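Going by UniProt numbering, the letters in the sequence shown line up with residues 1 to 159, in that order.
These aren't lab readings, by the way, just hints derived from the structure by calculation. All figures in this text were calculated on a predicted structure; none of them were measured in a lab. Ideal Cβ positions, reconstructed from N, Cα and C, are used throughout, including at glycine. One or more hints might be untrue.
Mimicking SDA-like on lysine to any residue, the simulated pairs with C-alpha atoms at most 20 Å apart in a straight line are [what the hints assert, rightly or not]:
1) Lys77 x Cys8
2) Lys77 x Val26
3) Lys77 x Gly35
4) Lys77 x Met6
5) Lys145 x Asp96
6) Lys145 x Met125
7) Lys145 x Ala84
8) Lys77 x Ala44
9) Lys145 x Pro100
10) Lys145 x Ile117
11) Lys77 x Lys145
12) Lys77 x Gly45
13) Lys145 x Ser75
14) Lys77 x Gly56
15) Lys145 x Glu85
16) Lys145 x Pro66
17) Lys145 x Gln83
18) Lys77 x Pro47
19) Lys145 x Ser63
20) Lys145 x Gly56
21) Lys145 x Arg158
22) Lys145 x Thr107
23) Lys77 x Val5
24) Lys77 x Pro38
25) Lys77 x Val34
26) Lys77 x Ser24
27) Lys77 x Ser128
28) Lys77 x Glu46
29) Lys77 x Ala131
30) Lys77 x Leu25
31) Lys77 x Glu42
DEER-style ranges, computed between Cβ atoms [said to hold, decoys possible]:
32) Ala130 x Ala69: 38 to 48 Å
33) Glu99 x Phe137: 36 to 46 Å
34) Asp82 x Met6: 27 to 37 Å
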Amino acid sequence: MPTTVMTCLLVEGPLDEMAEFYTSLVPDSAVLNVGRWPADSERAGEPLAVDFTVAGARFQLISGGPEVALTPVVSIKLEVDDQAEVDRLWSALLADGGEPSQCGWLTDRYGLSWQLIPRGFTELMATSDAALTQELFAAMLQMTKLEMPVFEAIAAARR
């Protein structure tokens, strides 16, 4: 059996609800397994660990108790096809208490950090034109949610 890689996140929260929410956002996502606290524990039957995928990438949420807190040190980056998908995911992840940050980052209602990047931005940044890269980067630093039309306009003005 090949080695498996899975990002594990120690969290306090409704693990099964979190996994269901995350897997509802992106195709090729699913809850794979819900492990529960043993019957003889004070949290009997509650989720202990939930394995799931987001766009095929594997994750596990593990019940960490109230002393653990997620931070932006770890985030999930979603590189998506277009601005409409950035907008849809941005709204969904901010719903019910999420907080926007800057440069395409946000924290969802459960405290997990996300980066939403339009694929076109990544492609534009791969240019050998250092001045264009610098201008695109400067524009990104001024944004909360990344706006692909702004990046496209910058690139078009340099052509």
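Item to check | List of violated hint numbers, smallest to largest | outcome: 3, 8, 12, 16, 18, 19, 20, 21, 24, 25, 27, 28, 29, 31, 33
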